[in-house]
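Chemist: Using the sequences and the hints given, assemble the complete structure.
Just so you know, this note's numbering puts the end of the sequence shown at 65, numbered straight through with nothing missing.
Any given hint might turn out to be false.
[As the list claims (entries may be wrong)] Pair ranges (Cβ atoms, derived): (1) Ala40 / Gly(-5): 40 to 48 Å; (2) Val(-6) / Glu32: 40 to 48 Å; (3) Glu(-4) / Glu32: 17 to 25 Å; (4) Val26 / Ala62: 14 to 22 Å; (5) Trp49 / Val26: 28 to 36 Å; (6) Arg63 / Thr21: 41 to 49 Å; (7) Leu28 / Gln(-14): 28 to 36 Å; (8) Leu15 / Val(-6): 29 to 37 Å; (9) Lys65 / Asn19: 48 to 56 Å; (10) Asp(-10) / Leu28: 20 to 28 Å; (11) Ile(-13) / Thr29: 28 to 36 Å; (12) Val26 / Lys59: 41 to 49 Å.
Keep in mind that the hints were calculated from the coordinates and are not lab data. Beta carbons are placed, not taken as given, at the ideal position from N, Cα and C, and that holds for glycine.
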Amino acid sequence: MEQIFADPVSVGEGEQRSTALLKEIETIQVQLGDHNRTNTDGVRLTQGEYWEWRKKANRARMMKLWEYRQIKAWMKNKAREK
-16 MEQIFADPVS VGEGEQRSTA LLKEIETIQV QLGDHNRTNT DGVRLTQGEY
34 WEWRKKANRA RMMKLWEYRQ IKAWMKNKAR EK
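Modeler: Structural data, given as C-alpha cells:
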C-alpha cells in the first residue's frame, strides 16, 4: 500500500501520533458495536444507511490501523539506527 501520510519527524512525535491513532481506533471499534446507530438528528439509520456507515467506519479503522503500524515500524527502525 502506498504511503499517504508523512513520517514522524522524531520518535516523540511518533509516540504521540501512535497513541492518538490507538484512541481513534478504539473509538471506531466502540461505535461499530452499536447496532442501533442514529444519524445527527437522533433518528435510527435504515438498514441500508447502517451498512453504508459501517463500511466507511471499517475503512477508516483499517486506514488508521495501517498508519499506526507504519509509524511503529518507523520508530523501530529509528531505535535500531542508534
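Chemist: Against this structure, judge whether each hint is valid.
Modeler: For each hint, the structure was consulted:
1. A C-beta distance of roughly 30 Å is found between Ala40 and Gly(-5), which places it outside the suggested range of 40 to 48 Å.
2. Separation of Val(-6) from Glu32 is about 42 Å and conforms to the stated range, judged on CB atoms against 40 to 48 Å.
3. As the Cβ distance of Glu(-4) to Glu32 is approximately 37 Å, the hint placing it in 17 to 25 Å is violated.
4. Against the hinted window of 14 to 22 Å, the Cβ-Cβ separation of Val26 and Ala62 comes to about 49 Å, which falls outside the hint.
5. Trp49 and Val26 have their C-beta atoms about 33 Å apart, which keeps the hinted 28 to 36 Å range intact.
6. Remark: the range hint 41 to 49 Å for Arg63 to Thr21 is upheld by a beta-carbon distance near 47 Å.
7. At about 33 Å, the beta-carbon gap between Leu28 and Gln(-14) stays in the expected band of 28 to 36 Å.
8. The given range of 29 to 37 Å is respected by Leu15 and Val(-6), whose C-beta atoms sit roughly 31 Å from each other.
9. Here the CB-CB span from Lys65 to Asn19 is close to 50 Å, well matched to the stated 48 to 56 Å.
10. Taking the beta carbon of each, Asp(-10) and Leu28 are about 37 Å apart, not inside 20 to 28 Å as hinted.
11. For Ile(-13) paired with Thr29, a C-beta distance near 32 Å keeps the hint of 28 to 36 Å intact.
12. At about 46 Å, the beta-carbon gap between Val26 and Lys59 stays in the expected band of 41 to 49 Å.
Consistency note: the structure conflicts with the earlier hints numbered 1, 3, 4 and 10.
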